[in-house]
Amino acid sequence: MAVRPAFHRSLLGRSMLFGVLPAALVVLVVVVLNGVRAWSNLSASLERDLRNATELAAKEINIRNEKTVRLVELMAFVQESGQFGRRAETLVLLERIIRENPDVYAAYIGYEPNADGNDAQGAGPGIPTEALGEGGRFYPYFKRDLKAAGGIRVEPLQEVEDDDGLWYRFPKTRFERSGVRDAVITKPYEYLGTDIIETVVPIIMDRKFAGVAGLDVALTGVQERLSTIASELGADIFLETRGRYIAATTDRAGGAVLRTTEVARSPLAAIFDEVPAQGVRLEERLDPMSGESAFFVSATVPTGGWRLIVRKPASAVLAELFGLFAANMITAIVGISIIVGLLLILAIGISRRVRLAQDAAVRIASGDLSQRVTDEAGSDESAELVRAMGRMNDDLAKIVGSVRAAATRLASSSVELSATSRQQEAAAAAFGGSTAQIAAAIREISATGSELLRTVGSVDSGARRSAESAGAGRERLDMMASTMARLDASTGEIGDRLQVISEKASAINAVIETITKVAEQTNLLSVNAAIEAEKAGDAGLGFLVVAREIRRLADQTASATTDIERIVQQMQDAVAAGVVEMSRFTRDMRGGTADVQRVANDLGGIITEMNAAVAGFSEVESGMAAQATGVAQIEGAVRQVADGARQTSSSVSEFGRVASELSHSVAVLQDAVARFQLTAEASAKADRSVCTHTRTDSEDTSSSAERP
Amino acid sequence: MSAPISVLLVTVGGKRFALDAREVVEVLPVVAFRPAGTGPKWLLGLFNLRGALLPLVDLSIIVDGAPTASRLGSRIVVLRLDGDLFEGATRSVGLLVPEVAGLAIRDFHANGAHEGFSFAGAPHLGPTVADEEGTLQLLRCRRLLEGDAALRELPSLSADGGIG
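Just so you know, the protein sequences line up as chains G and E, in that order. Numbering that gives the first Met the number 0 applies: residue 0 is where the first sequence begins, and numbers increase by one. Numbering that gives the first Met the number 0 applies: residue 0 is where the second sequence begins, and numbers increase by one.
Looking at chain E on its own, in the form it has when it is part of the complex (with noise of 0.2 Å):
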């Protein structure tokens, strides 16, 4: 596993973190979504991708505890997951971050990083690694919707998998 990944590098709440660049599917300009009204609030609501509506949420809020202010800087990481946690079928969800800083590529595993804390709240929180900018932790998507029961039942909404 003690390879260099492709990461996106995003900003929440001034820390930075990265998501595996294979799992991201494009970055947006935040649009117009329609809000979800009830439900956890981290789950902003359903937002249009081409067509295909797909569930949005502020990482902000699950990362930070604070929703994303609004700037111009916020985007859109559409993410696409598979896996056992979907039954096999390919689901697609939209991450609203306050900023993206870029691509990049890193290693979580050389010497130096850190294996990163397990707490049974925190699943997604991966190994933390330092650069010439600072400290950078992996977030891992995946287990970021496995610890919602709430987010793994409302995908039926993208079922088709969104974008092919």
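Bound conformation, chain G alone (with noise of 0.2 Å):
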């Protein structure tokens, strides 16, 4: 298998350390620049944000308080410019103001006392009591009621002590001092019972004082407004003038309320002293209410001069920027990991191709050429890499089959070349081996000849003596078979006295079994009687010895019974083998006899042969001399012949060693091509190729091999 190497040295380790490494750690270097400038650009852009909303914030006050001076102005100037004394008018001028106002709490008009010389008219037509003041004056005052008939309620104008004469006595005495008829925007101040600013411009009558006109703001109106401000920045708005708060959007019901404190006193007092008059000033410090960091902006209300303070904790300004930051870096993030992707997706692409590659090649350098290189459907050069391998493992594996299959046929030629020629060699030297045996055969007839020649002679001589000797010897045998005939009588009657003797040892057998019980019985009696005595203690004594004495006498008369029926038994054993010892002599007797006979008949027959042979024995003599001389010739043919199959033997034998030979170079070749593993198919045609191959070779052997 091939050798995989560690993932830090290996191709997609490669890939990854060259490729992948670096384009991440660029877009992670370009990513952490980019966000510190960001972190920068966006506390930047956070702080002007701030000041723009502050200073919007300031121009929109700035706005309202202008417009409800225009307002106040242009009550004066109808007033002056030919509504004057005009009471009813006024009156309805008034409540129109306030209806279509409705940032305006309340409207109203205070005249100098019977400056319109219409004091002693008293109430009348479109002029209610309530409108009027001490002695007639034309003093009305219309404020927004939520309990009266359209919810708009008229009354006197009152003097309220505290406030010094803020919204009369002050523009008054300041015209007439100064010529001065601006409009004068009061402190906040409590009238009747609401919290207000009033807006009062001083109404001029032939350059002489006649009176007021005012429109009143609700402080509650200033403290919504700014509140929604302050909810959409995210901050706190404070709002000044003249050292008392107009609005604070950290009053809440139930908490800290700075409506009510001077400035002097307030915490915030350190940094309305530092508002600028003209611009938006900014700064970073303690919040002197929370103890913690905070961004406070401020800027002055140029109509009224008011000081405009917006403070948002920097943990908020801070949990924006992170806010932002944190979406810039998940950006950042996701491109790296797509980007990482990407590349891996690559790496791991080429080094499992080339991975594919390697291993097809230790294969195929391993020899093993059985398994198909799988097609790579990719178009870059590393697809193209396996397929070339692909493509070496299929043309290397025709190339090594059919240096095979050649091998293969060649080997078995070989074997064949080497089976035949061990044929014949094996002929050759059988042939060669047949040849000395025949030799030596010869030579055994040629010695046989010559004895046999030298035996017919004395045999010549022997047989007339035999033929003599026969002749006595058949008169013997007649007289010993009458001898036997006798024998055989007497046996006969033998055996019958055994048989008698044998009846008698089974009569005396059944007198001992007899005996025998008689005495078991003795025996047992003497046992139960001597159990008695035993138990007659004293008086059984003398019993006791008698029943001994029985018991002995029982036992001597067992052993003697059995000594007589060992004996009985040995004679009757020894009757059983005289009997059946003398039935085969008998018979033994009986064969003898006609032996006898036969024998005495075959000498009869012995003795006529005899005779007539002994006449041709002369003629086979001259015969023999005769075969003796032609055994001598065919001897010496055959030692010629026996010399030309050894030398056949030793050229075949040559021509063996030749074949193993070329068997064995064959056998390496084989080896050779056997490193190699085919597919099935590829096998299967090189082995197709051998059968037929082989077959014409087989042929060409066989048709050779008759040739030598």
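No lab work stands behind these hints, which were simulated from the structure alone. It is possible that some hints are incorrect.
Facing chain G, a subset of chain E residues (Cβ under 8 Å, in silico) [stated by the list, open to error]:
id	residue
1	Val29
2	Val30
3	Ala31
4	Ala35
Listed below are the simulated DSBU-like cross-link pairs for lysine-lysine, each with C-alpha atoms no more than 35 Å apart in a straight line [unchecked claim]:
id	chain 1	residue 1	chain 2	residue 2
5	G	Lys58	G	Lys171
6	G	Lys186	G	Lys146
7	G	Lys534	E	Lys14
8	G	Lys516	G	Lys534
9	E	Lys14	G	Lys58
10	G	Lys58	G	Lys186
11	G	Lys516	G	Lys397
12	G	Lys66	E	Lys14
13	G	Lys186	G	Lys207
14	G	Lys503	G	Lys534
15	E	Lys40	E	Lys14
16	G	Lys516	E	Lys14
For every residue, glycine included, the Cβ atom is placed at its ideal position computed from N, Cα and C.
With the hints as a guide, bring the two chains together.
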């Protein structure tokens, strides 16, 4: 199997190290640098936003103030330009102003006593008593009242003691002293139970102070508006004029209330001291109210000279900053992940193909061509590499297959060749052996012939003597036969006697059995008698002795009968053996008698034939001599044949040696080819070709084998 | 207790054993018996002793483990036992033994005698002495039957005590 390098040295590891890692690092550095810049940008822009928002809030308040001033100036202008003294019309106008300006809490006109000369008229049509002050002075104050019909109520103006004539005497004295007739915006104060700010303009008739026109703005309205702005900003807003708070968005029901506090005594006094007359001032400092770091933005509202402070805790700013920064970073991380992922897919693909190619190469190097390299569908160089490995594998398999087929054919040919040569060698050797045997046999025949010739001579003389002896023997045999017949008769008689003895022995056995039983019974009786005597104690002592004696006698009887039994048994055995021996002897005797008779007959035949043979012997003798001469001639010829066979055998051996060398060489070649493993298909193809070729080769070999 | 007693000598499995002659009623040749069929192996059945049916027990199985081979010398030793075991009643039982050698007087508590091994499973093995013919072990017939609850419950068949 292919050796897998450690991950950090593998293709995938390297592409990670030199491709993915640098790219990721670059992207990371860019992201970090961007992040740092974005951080400062963001904080700058947040500060800018805060500044702008503060400026905007100041402007809005200014516009409101200006609008109120314009409206009051308009009211004064209308009085001065003809409406002065026309009380009913003035009342209608006041009511209308309130109705059409939702920011306005109250509107009023106050005349100097009898400035229009109409004080004496008193109430009349369109002029209710509530619009008149002391002595019929025109003194109407229209204010919003949800309880009144139409939501608006009129009542006479009242001097409030502690405000030091802020809304009436101050504009009057200022005009009479310095001729200034600008609108006056008062400090916040409580008028008849409502916190308000008044905008007052003097009415000047014939260069004389004739009265005032004014509008009240309720502080609750300002507070509401500021709260809306503050919640949009995520900040708190404080508004001040003339050392008093107009509004503070930190004021909540049940919480700390700044509106009723003097600014100089409030925690924000130091900050209000530094509010610039123009423009916006932003600083980050410790919030004296919460003790935490906060951004303070301050501006001045030109109309009315109000000062505005927007406070935003640094933590809120940071939270926004972090939110934006986090979004930035998440985008960057997603980007890095996508880049790394794409690079990884590429690297894994290439490394997988390279590993595929490596496996194939290792397999081919080890000689295994049996596995096909799977086709790689890709179009890049790595896929082309895998495909090339596949083609190489297939081509090699084809080449090795054909080499192997050729080697196999060669091997089978050489095997057949050597087999054939071995057969020939064996045949030659066998032939040589046969000729040697033939030669030996001939020598034997020759020797035997000479011997035979000698023997025939002596047999001739022996035969003559035998014929004479046979004649004498035949007479003796006849005598022996008659003696045997007598013996046979005697043995039969002995057998009968033995049978009688056996029967007697059986009778003795029966008697012995009876004696044994009696002895047995006696023994038992003596035991029981002894037991009884034992139980009888001293009285039974005598009897015990008798019982023992009886028992002893019984035992002796038993042993005597056993002896008799044994002796009778031995006798019976002996008799039986005698009978068997006797009958066998008789049988043998009878057989012997018959044999003697047959021998006598045979002897007669022999005597006749002997005499005939003696005559033929001389003829045999002359034939034998002629045969000896022929045998010597054959022996010479056979020796020549044997020499030829030896030569053939040695040349066949040489041929066999060459064939076995060929076979050995082919084996070496096959070993070399066998290293390669082919697919089943390729192997089958190679084998098929081997079969066809082997058939032709064997035919060739067999035909050539017949030649030598 | 150290006194010679009269014993009946029996041979079981080539080993010599002694039965107390006072407990022996008589010795009989082997007679036909009615096989017990079920029950312990050593309980051979019931045999008829002059009209009384007694249980027949194979001593060889108890002492030697193998049943008594049928042979001419085999005997039935009739024992008569009494005592607490049978609640005062006298019971008789037949022991089938391979061979009875006779009566003898032996002292099982003489010097040189062995007290015998006492196992939980074999309370019947008594003391052993050596005499001129070899070793001789006393069999405590009462214990022999005490040891087996099965036999203790059986003898109701011979409740009358058999052979007076």
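Is the straight-line distance between the alpha-carbon of Lys516(G) and that of Lys534(G) 35 Å or less?
Measuring from Cα to Cα gives roughly 27 Å; hence the hint holds.
Given the hinted pair Lys516(G) and Lys397(G), is their alpha-carbon gap at most 35 Å?
With a Cα-Cα distance of about 106 Å, the restraint between Lys516(G) and Lys397(G) is violated, given a limit of 35 Å.
Verify the proposed pairing of Lys40(E) with Lys14(E), using a straight-line Cα cut of 35 Å.
holds, 21 Å
Next pair to validate is Lys58(G) with Lys171(G); report whether the Cα-Cα distance is within 35 Å.
holds, 30 Å
Straight-line alpha-carbon gap Lys534(G) to Lys14(E), limit 35 Å:
holds, 26 Å
Using 8 Å as the Cβ threshold, decide whether Ala35(E) counts as touching chain G.
Violated. Min distance 25 Å.
Regarding the pair Lys516(G) and Lys14(E), is the alpha-carbon distance no greater than 35 Å?
holds, 26 Å
Given pair status - Lys186(G), Lys58(G), alpha carbons within 35 Å:
holds, 19 Å
Hey, Lys14(E) versus Lys58(G), does the alpha-carbon distance stay inside 35 Å?
At roughly 139 Å apart (the allowed maximum being 35 Å), Lys58(G) and Lys14(E) break the hint.
Status of the hint placing Ala31(E) at chain G (closest C-beta pair under 8 Å)
violated, 17 Å
Tell me if the straight-line CA distance from Lys503(G) to Lys534(G) falls inside 35 Å.
violated, 47 Å
Is the hint on Val30(E) kept, meaning its closest Cβ partner in chain G is under 8 Å away?
violated, 12 Å
Of the numbered hints given earlier, the model fails hints 1, 2, 3, 4, 9, 11, 12 and 14; all others are met.
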